[in-house]
Amino acid sequence: MATDTHAAAGHAADAASAPGMPQLDFSNWGNQIFWLLVTLVVIYFVLSRIALPRIAAVLAERQGTITNDIAAAEELKAKAGEAEAAYNQALVDARAEAQRIVGEAKAEIQTDLDAAIAKADAEIAAKAAESEKAIAEIRAGAVDSIRDVAADTAKEIVAALGGKADAKAVKAAVEARMKG
Amino acid sequence: MASEVHGADEGGLVFHPMDQFTVKPLFGGDHIGMFTITNATLWMALAVVGLVAMMVFGSSRRAVIPTRAQSIAELAYGFIFKMVEDVAGKDAVRFFPYIMTLFMFIVFSNFLGLIPMSFTTTSHFAVTVVLALLVFVTVTAVGFAKNGAKFLALFWVSSAPMALRPVLAVIELISYFVRPVSHSIRLAGNVMAGHAVIKVFAAFAAALVVNEIPTAVGIIVTPLSILGITALYALEVLVAFIQAYVFAILTCVYLRDALHPSH
Amino acid sequence: MEGQLAHIGAGLAGLGTGLAALGVGNVAASYLAGALRNPSAAASQTATLFIGIAFAEALGIFSFLVALLLMFAV
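If you're matching them up, the sequences are chains A, B and C in order.
Under this note's numbering, the residue at position 147 of the first sequence is numbered 147, and the numbers go up by one with no gaps.
Under this note's numbering, the residue at position 73 of the second sequence is numbered 73, and the numbers go up by one with no gaps.
Under this note's numbering, the residue at position 57 of the third sequence is numbered 57, and the numbers go up by one with no gaps.
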């Protein structure tokens, strides 16, 4: 199974021959090393001249893009914050304005109401005074009439009883009775 | 080797776990000269093709939002770049293309070697020894170029007691020169072991029919060995990546030693 | 006879791969124990883990290689 016999056999695919270790067949090391060096040089140049700079550029570009995008996003976020603040301010203003208008309207209505109430009160007072006066007049009229009628009636009764009615006394008597 | 080792039952089973590593000329002839196109050449070329397809054509659109192929290329780039930076240090970044070359070549060779009937270039010591020696020579050259004679401080353990230092220096020196040996044999051995074991299981999988006669034992052995092949194949996929990673990371460790020899 | 002795030797050398498996398992187990105790430091030590595994495994691979040499090249 020495390596030289194996090398002489070329390839040991034949089942009858000893398999050996192809790795220790030094006759093909030169060939493998040569092609390996060719391969490595090709790979090195492909990688270092084309692939790696390109990927590095792409990665750098992406990093730049991401940084820019993050900055833009920050800016937009700030803008959105500002817009929100403005919106809130507008809302507060509008609310205050509404409050003010409501207050004004309320005050106006109150004034009108007060005026109307005052006027109504005055009218009512005037009417009441008038009515009272009328009632007083009527009452005075009625008392006078009663006095006259009482005096007349008393005079007549006295006359009917056969006496002579003194107008003055009758009157005084009626007065006294009226007071009682 | 099979017939006299195994019993009569398995007399027809043929084990040639190492045949898959044979280097053969592709275009006839038995002689393998320096420049003969062999299957090793073919699979190395396929590794280059795969690498170009992934790293060059994959990234050819230079898209900011990457396509799938491009993100794989970027992933590989970022993975190795970060490893070089973390393990070997920031000043080792100029060796990044070199380490990337080693890593990509090993990764592609390992994975292409997992294709059934293919040839695994990294299973050959001729290949891994050259890769390891390249690293060894580079690291030593860089160490002396960067640090001059101070590079020898790597072998002079200044934290040890004075009496022990010469002994440790000898040990360090030996371990330094053993580095390329273990570096190369680890890769080739791992790859070779996995492939050979898969091949042995594959031979057992043929136990169902031996010498064109169905066998009873095959009913159990064949499904078990097919299961074994599947499991080992999964393990080999893992090993294919991890060995490439280990090779690259050890290169980074050696580079760090060369750039910063004090310890 | 000599070839058969070589095969026995290959079998004995193959034990080394199993022993290396113990070493690799030990490395992984220690890493896992440490990682569970301090998960925040785990990610930074994966590289060390793989280096440790690689060194432990290399010796197993050596014995595997010895087995192969005894099988095929002696």
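None of these hints come from the bench; they were simulated from the model.
The C-beta atom is built at its ideal place from N, Cα and C for all residues, glycine as well.
Accuracy of the hints is not assured; some may be wrong.
Stated by the list, open to error - Here are some, though not all, of the chain B residues that point toward chain C, as calculated from beta-carbon distances under 7 Å:
1) Gly189
2) Ala193
3) Val197
4) Val200
5) Ile249
As the list claims (entries may be wrong) - Some chain A residues close to chain C (C-beta under 8 Å, calculated; not the full set):
6) Gly20
7) Met21
8) Ile101
Here is how each hint holds up against the structure:
1. Gly189: OK, holds: Gly189 (chain B) within 7 Å of chain C, min 4 Å.
2. Ala193: Holds, about 5 Å.
3. Val197: With Cβ-Cβ at 10 Å, over 7 Å, it is violated.
4. Val200: 12 Å, violated
5. Ile249: 6 Å, holds
6. Gly20: 5 Å, holds
7. Met21: 4 Å, holds
8. Ile101: It is violated, given that the least Cβ distance between Ile101 (chain A) and chain C is near 63 Å, above 8 Å.
This entry does not satisfy hints 3, 4, 8, going by the numbered hints stated previously.
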